[in-house]
Amino acid sequence: MLDVKDLREDLEGVKKALSKRNKDFGLDKFTELDENRRKLIQEVEELKNKQNTESKEIANLKQKGEDATKLLADMKELSDKIKELDGKLKEVEKETEELLLSIPNIPNEKVKQGLTDEDNEEMRKWGTPRKFSFEYKAHWDIGKDLDILDPETAAKTTGTRFTFYKGMGARLERAVMNFMMDTHATKDGYTETIAPSIVNADALQGTGQLPKFKEDMFKIENTNYYLSPTSEVPVTNMYREDIIDGKKLPLKYCCFTPCYRAEAGSAGRDTRGLVRQHQFYKVEMVKFTRPEQSYDELESLTNDAENILKLLDLPYRVVRLCSGDLGFSAAMTYDVEVWMPSYNRYVEISSCSNCEAFQARRAGIRFKDNIQDKAQYAHTLNGSGLAVGRTVAAILENYQNEDGSVTVPEVLVPYMLGVEVIK
RNA sequence: GGAGAAGUACUCAAGUGGCUGAAGAGGUGCCCCUGCUAAGGGUAUAGGUCGUUAGCGCGGCGCGGGGGUUCAAAUCCCCCCUUCUCCGCCA
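Residues in the first sequence are numbered from 1 upward in steps of one, following this note's numbering.
Rather than coming from a laboratory, the hints here were simulated on the basis of the structure.
Hints are supplied without guarantee of correctness; some may be wrong.
The calculated lysine to aspartate or glutamate pairs, modelled on EDC-like cross-linking and capped at a C-alpha distance of 20 angstroms, are [unchecked claim]:
#1 LYS39 / GLU54
#2 LYS64 / GLU77
#3 LYS94 / GLU84
#4 LYS56 / GLU77
#5 LYS144 / GLU402
#6 LYS374 / GLU215
#7 LYS29 / GLU91
Remember, predicted model here, so these are calculated numbers, not experimental data.
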């Protein structure tokens, strides 16, 4: 949610900043709604003030045993008027809220104007894509040939875009997950968590998935619950409607959960392999920071994601998303993209965002240093650290050998219980 | 899933229709006494949010959340959420 104060004081400035997103968000309506709202508040509060005063008078009269019928008749009328205005006010407030909830975050000024991912800015590259001296395979073929990835069986139990991991495939997935969690929870200083992967509508509104992106999620029938699309949702909402002790900031959490995405609108894209599944595992990093430190924390968060790839010795690059590719809640996002031989390009494996106060305002996440201070909104950040399935895919492809086997990256060997080659 | 009980400010807690924005206690700030700790006395403060104002302030809301009854609701009615106890079921 944007700051209402900004909308009141500089609507044109906000519109200009948002125009980078290449769309009109109907902001003009705000002023009218807001003025109407304030007018109604003044009217109804004046009446309520009168009601409060007169009520005391009635209480007085009754206590003295005097007659209050005249006053009561007047008060009935006043009461009805108040109810009517309160009803109108509620409508206007609802409309205002709906408008505010539908407006995306303002891109940071450094974010480049652009339309698609082709306009993203490359920040840096690490490692060199491997040159194969033999005909290399895509990870879905490797998975099939080694009998470690089995989408056909998953189709039988569930449907398309699900995968059974078997044998060393399952162990590799688990190894990658544990390696990532261990690294973040010890060296990087994140508090490790395991969060519910089912979340309610309030939480989803807090992080920005609702109300606009309902179709991207699986809703559980007859409940108010959704399968969580990312642990950013439960972890960020840990502090919903809370006031955090400012001395504790920045707070850093890492979390692994399964993630569920309906992938509506992506029919026919990345249908093979692990890149676009309805269910996948992801290690997520979430930070709560003071406003002035959030961009430094974004850099270190991104570095923490990159570091996993360095330790796995997988070539990657970092891009800063252009305005057209930027997510709804983010002010700035770095995508970390791993080299995927079968795609012959870099593929997103982590998305690290600073949401500034956008989510904090929706979710009511605030902090104060002293009890007498006014609480202010924290900044929230999140980033994958990393998507586990895509990491497995990248390992299978980048570490494949001519004989069809796959060498296990050195750091993962202990996590693989000593297995050095999958064959 | 069934049966009960409960949810009041930072914490504990009183309060069944108007004199309760909310007793009392703890906590916290300041002062005094005592004095290196412990203890005692006095006094102040009471969270959040919305509107208004240059500001002091004034006003509205607020007693888990949402509706309703009433001139008036922490207090009465309905729905929901959460916690606790017991039973059932279950990894």
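Each hint, compared with the structure:
1. LYS39 / GLU54: Violated, at roughly 23 angstroms.
2. LYS64 / GLU77: 24 angstroms, violated
3. LYS94 / GLU84: 16 angstroms, holds
4. LYS56 / GLU77: 17 angstroms, holds
5. LYS144 / GLU402: 16 angstroms, holds
6. LYS374 / GLU215: 38 angstroms, violated
7. LYS29 / GLU91: Since the Cα atoms of LYS29 and GLU91 sit roughly 15 angstroms apart, the hinted pair holds (cutoff 20 angstroms).
Violated hints, listed in ascending order, are 1, 2, 6; each of the other numbered hints is respected by the structure.
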